[in-house]
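S.K.: Here's the letter readout for the chains.
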Amino acid sequence: MKAWLSLSLFFVISIGFTQNSGLISGTITDADSSKFIPNVSVIIDSLKIGTLTNESGYFEFKSVPAGSYQIRFSCIGYAPRVKQLYVGSGKSIELTIDLIPQIETLKEVVIEDSYLHFNIISKMPYVNTSFSKFRIEQAGARDIGDYMRTSQNISGVRKGGTQIDPVVRGFKFSQLNVVLNNGQKIEGGCPNRMDPATGHVEIDDIKEINVVKGPYDLRYGVGLGAMINLLTNETDLPDSGFIKFNASKLYESNWNGNKEHVKITGGNKWGFVSLTGGRQSYDNYDDGNGNEINSSFDKLNYAGKLGLRPLKNHLLLLSAEEARGRDIRFPALPMDERKDDTQLISADYKIQSVGEVIDFINLKVYRSKVRHEMDNKYRPFSDTTVAISIIHAENTGGRGEIGFNLGIGELIAAADFEKIKKDGQREKYMILQPGLPVKIENLWNNAEIINRGFFALFQGHHKGWEYNLSARVDVNSAGSDAIIILHPILGEIYEFGTDSIESRYTNLSFNGGITRNLNEKFSVSLAAGRAVRSPDMTERFIILLPIGYDQFDYLGDPQLNPEANNQVDITFKYSHERMGDFQLNGFYSLINDFITGRRLPPAVQKPLSKDVLGVKQFYNAGNARLRGFEFSWATAADINPGVSLFASYTYGTLDKSIQYILNDQGEVIDDKTIYNDALTEIPPFESTLNFYYRMLNGRFVPTFKLRAVASQKHVSMSSYEASTPGFVVAGAGFTYVINSFFKISGGVNNLFDQAYFEHLNRNIIGTKYSLYEPGRSFYVNLFFKI
Amino acid sequence: MLSYRAVYLTKISLFVLLIIAGCKDDPPEETEQKSGRIEFTFQHFLNGQPLQFDTLRYVNEAGNKYMVNEIQYFISDVKLFGKKGIKLIDDWKDIHYVDTDIPDSRRWEVYDKITPDEYDSVSFTFGFAPDKNISFMYVNPPEKDMFWPEFLGGGYHYMKLNGKWLPAGQTSQTIPFDFHLGRGQVYYSYPDSITGFIDNQFNVSLPASGFTILADETVEIQITMNVENWFKDPHIYDHDIYGGYIMQNQEAMEMVKQNGHNVFTIQINKE
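Top line first, the protein sequences correspond to chains F and E. Under our numbering, the residues of the first sequence are numbered 1 to 786, in order. Under our numbering, the residues of the second sequence are numbered 1 to 271, in order.
Simulated from the structure, these hints should not be mistaken for laboratory data. Owing to the predicted nature of the structure, the values given are computational and were not obtained by experimental measurement. Errors might be hidden in some of the hints.
To be verified - Only some residues are given here: those of chain E computed to face chain F with a beta carbon under 8 Å:
no.	residue
1	D94
2	D104
3	Y111
4	F136
Built from N, CA and C at the ideal position, the CB exists for glycine as well.
One chain only, chain E, in its complex shape (with noise of 0.2 Å):
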């Protein structure tokens, strides 16, 4: 016969037992997909070819002999518009930074579940809406080394396209250009006096010509920017005219701005 010490003993080793055994749970769930996703992807072309940076080898329009070093943008309020309605990306995300110098930023997994639909355009704001350019809102690079000065009207570059150009009369000595857009200024008297500011973010419209995304699919989304397009439609746009720095010219950086209309293309892959 057990002495009372011991069954006591039993107690507390199935009492421990106990406790050990509760702290086994049930493994980890997950939940089941039912939508689309869609991922971007940016490329910069120049006349039809992949952009080759810091080469002296591109001519614009305005006759310019010009290279590019690099190009830092964002594009915000992400739509597509189907048949079942507008999808505004969002979710997660509703600005992404390109940075042609940084391979990872030129793809974005979206968030956003997509509704399984037939898509006809996709569209976004080259830059940001006003209400979303808010300075100091980045505080890590390399998104926060695109602010915009903040006596020049703050928030953030929309671009920095940086290159250098020959200028002309010289055969050898290039100078470096920012062709650079933000927020503008207007002027009472260049260049301290500044009365108001100018956004000149745009939007882009991608019609592509109908796509469609099923569940449990994800489509590719390929954004192509045709450089040369900045310089010559409808502006023509010239190096040697509007100088390295543009930042405090809001007529040069209107002309961007309406030059940018026809610089992106789409192209739709499928898994």
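Bound-form chain F, shown alone (with noise of 0.2 Å):
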């Protein structure tokens, strides 16, 4: 830790003073005719200013704070245009910009950069990354999960064909703030994460999503490794009389899927409707074996938003989402996922420009439904029991926010109110002994968990300087009807007394972050922070369910302690208008009272879900550690062809831990004290090296994809989990802008048909072999707006 901090006050105190802000200008050009055109509104979104294009035009920016930028080109008659880049301090850009000329009037034809996943937004003192529509949409997505996989240090638990769940740096579950539309939260029915947050949101329906790494946004809850916010709320609708259709249809080869969307959104100055809908149908992939993996699933949503200004800078938003999963096979688990009935509704209202020292106010309440039913009816061991499980999970909170121009800075303080409710069964039918009475075990017995939060963000600046401070105050209680395991006979064999399951903890999170320009190229930031998660649901009460990736029944503890994460993030940036974009980034993380489980005894407790190895209770284990870093770079945003790389590595260590010796029965028949393991389920180094050419004035753009893994030979031997191969896979792709109504892009994944499988994919069930990738496949993505 010491030498971190010598080595981050190494380069603070290194650095010198130099200029802070640079100069945008250009000129934009008729596409076709070459001509220059006037009177194009360009438009720095994030900085909220914007200008018209002289006679000649050209435009300029004077006076622009380092850092990296999202510009808006529009004009009647031409299709709108979007280009990233980064601004120096004391740099001159100057940009020269093609508009395709308009096919049809007032029709859009947004071609974007944003090939390349770069996305610095400098102001942060820490890793920020997000994921526009555009790249969604090229991607051919399926999920949430299994799309962000395709970024740096971002990876995800498989367990079947979708509904991945992610891992940033090492951190999952609840260690990562999973919300939606800044603030809704959606507890998953299942407990063995078969619905995680993120596969309760469809695709299809997502704006952006943004992922803050580390523990430092702390705005809508604790994330102590990181904070994923999905956007699915329009935030640029017009406010003149507008309508607009948006459908797609998208075909992949290997899995027979088939995927529609379709968006009618229309509105006024008084308001707007948005209505959407979608289809998901995929049959199983084969690997890259050619082997068939039990992986299909189909999914419908629908969801309708309503939106009201009733007054100037008012905007009154109501939404509400149905989404209904079926028949979503795990060849991973022991069971399939059967129903998945999701009703996520809420109301916003937001108001802009309150006044001088008031900036916004922003009120938010919601409520997340999930009705979640599984079974083993299809499995091999389903001859002797069947098993149903049905669990309800509800997630009611609000949150309020009031955002402070203080003139030296921007000053945000919210409340918020969250609480969680859980309650599920499952029901045996024992096969063999016919006429016996149906066994029903609880998982959750009527948990619930309360959250209250207080937070306040201060971000400023100051002679070039650019730092932010947050803290966040959390009061969690939760409780539990009594967790007990019934037998027919004998009554009561296992019970927490009303007086131990339950739990209350006041939790202090805090963080703060700098970020100082060092020249017109080069800029350094160091954060760091401390957040303070409660127990989750599942690590308070579950009973006796095989939920981790080793094969062994789970069980709660309610008085398990809070795990806090310590990190410290260095973020070099350094910007070149010929070499490109670079970033690095280092951090190091010292969690206290981790939170995972260890083996309870036989004599203790016995499993009560078959072919598992026995119990595991969570505890907090002590000390654990993560560090490691990410590097991107990419050619600068109007170099064509554009290239970029990625690399990203994380190395894990529990400080203590116990390793049972076992022998050939997998019986204990020893133990032994492990010093520094592994962390279990660490994703390898991985590096990820991307082609476009952007060819018919970025009409039509190839891609081509490598990605290399790393062997994962650093693996928990307490835990004796497996290490896996590395492997290199490659894909290509296309985006094809056909006219102002159709877009077309398409791909292929795993070009080679490569048979391999990530660290995180867990194991085939009753298996030791690992859930492979899809092999080969080939899709194409249909877009039509009007």
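Mind assembling these two chains? They're in different frames, but the hints should get you there.
M.R.: As structure tokens, this is what we get:
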């Protein structure tokens, strides 16, 4: 730790004060005639500034703070265009932009430049990655978790064909704070995380996914390892009368997968209405060896949004969504998801530009309801016992925040409330003993968690230094009806008393970050923080279900201590007009009271699930450490062809753990203490190389991708985690904007039909073999809009 | 003189090296062990010789000619009686399943660390104490398949000793017998009016004429089931009387329980 701080200070002290703003200018021409275009609207979204081109097609922004920006160019008669670029301190950027004449007036052909997965948001002193709708569409993604795995240092736990559970820098599950539209929480129903929060949001509804890595974004709750914000709300609808229709149709070969999505939006100055609907139907896929993987799924979702503008700068947004999943297969789990019914409703009230001091007020209330049903009906062992689990999970919450403009910076103060309720049981039908009553086992027994949070963030700047400080207090209480494992004759065999099943914690989380632009090309950021999370529903209250990567029944502990992450990040950014943009980040994380499972002797508790090796109970395992880095490089946005390179690595250890020595039958015969054992489920080093080439004035863009993943040999000895081999996988794609109505994207994943699996893919149940990734798969995605 | 850019790139390289260097941790360490260990082995004899299965070569005290196909049973709550106190084997496992068809089950490497001491006897419960005989507690075979039907009291068989005997008057046609022990029933009227249940587990005490367990020493405790004794002392068990199925015959199971007192013998082997 000392070395890190010294290093940070060394960098901070060794830098000098230089200019901290730059100049953006440019000339805009007609792509066909090369004539200059006057009166083009040029807008920098994040700075909320804009200008028009003069008669010579020229525009200019002076004193643009150093940083990365998205600039929008629009003009009647031309397709709008978006460009991303980085402005170094004291740097002048001169752009030459071609706009494609509009085939039909007032119809959009948006051509984006963000082919390279490269987003640097300069004011953030930590790594902030965002995924745009454009890129999601281009990839033909099936699922949010699956798509996010394409980014550096984001991986996922695969248990079936879809609903992959995101892992960010080795942080996973409740260590990540996943929210929908700036604050709505979703508690998945499945104890085995068949349905992580990301699995309840339809990927085609996504406008943007924003990921803040590290414990630094506390605005919407505590994320120990990252905050993932899924944005589906429209933010840039016109306030004049309009009506828009979007539709898309995707086919993917390997899975015989079909996906459709439609959206209609209309409105005027008083508000807007948006209706969306989508359907996904995928069969089993074949892996690279030609083996069929039981991975099929069907999904249907529909949503409606109503926005009302009762006053200027006021917006009331009502949103309701229902999603249904059916027959979602999970070969790595003992059950399949038979039914998932999700209802998400929310109401937002936003007031912008309230006054000179108060910048904005946001209010939100929401309710998320999940009904999850799973069973083992189509599994080989259902010939002796059929088990059906039905779980109800509900989040009800609200938050309010006020943004103050204090001149020297911006202050955001917020308060939020969340109540999670979960109840569910497993019904077992013993086929070998006909006439027996159905055996019912609780999975959760009316468990409830209530969290009240108070948050403040100050973002300021002073002479070229940009800094932020934020803090959050959470008062978290939890309880449940008694956790009992019932026996038909003997009654209770395991129970927590009423006193011990309740817990209440007050957690303080805080962080600070600072960014310094060293010169016109180079900036360095330092962020440090501590985030504390209370144990989640599963860790506190789960009653004997195999939910880990290992084949053990897990048992909760209502008296677990909160887990805390103390982390420091250093991020370097370097931007050069020819060499492109570089970003290098290093992080070190010390986790106190790390929550994981440890074996319970069968003498204390025997498992209740078939084919498991025993029982593990959640406990606070002491200190764990994660450290790693990620590196990004991309050619400048206006370079064609473009290239980008990403690399990332995370190394995780647990200070002290116990390895139980097993005999050939898996029985524990001895133990030994292991220091600095590897943490389980940490992804290996990986690197990705992307190419693109813009043709036909950006209407046709072929892409190529090569991803190399090292073997993971740093695996947990105490958990008998298996190492995994490395692999190289390639993909290619294209996007073709046919006209203002049609766009087509397509490609091939796993081009060379490699048989491979990620380290975080779970084993196929009852085997030692990992779930392989899909083999070669072609996809084509047709978009229509009017 | 180096340019600023070069200096910065050097710093970046240094930074990466530091991260990578920071990834090398101390090697795993192991704790020392300063107690003794025991392991149980289970043998099955008949008339002083290793039991031979599936062959109609034995004659019991009642004169039944019979064969044994398989024996499956649980022992639990194993205790070692030493000068420094009684050691209950339950740190990791308090019930052990033995199956003559599963060689691995005939060896139990005990997790518990055994205090070095002089021990004079070993005891165990044949079957389970009632509070440990819980229905559905085993979900995996082979233990799962020992279930005792719920309508007969639930829980698990303490023992299944399956074989065949030649009924009186028969010369070649054998009949299977299920010499099973588990929870018995009290009937108001047989077979469907059960008014109560009787637990038939029993304690087996095996004086071992003293043995010593030293630190870092593993002692093998060999337990032998002498099958012929199930059928003769104090009750002569006649298959022609009790037939092939005794799970609903508490009188027969009581005989089995009482005959069990001298079925097991013990031998201590040191490495």
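S.K.: If a hint holds in the structure, say so; if it does not, say that too.
M.R.: Hints and how they fare:
| no. | hint | result |
| --- | --- | --- |
| 1 | D94 | holds, 4 Å |
| 2 | D104 | holds, 5 Å |
| 3 | Y111 | holds, 5 Å |
| 4 | F136 | holds, 6 Å |
In the structure shown, no violation is registered for any of the earlier numbered hints.
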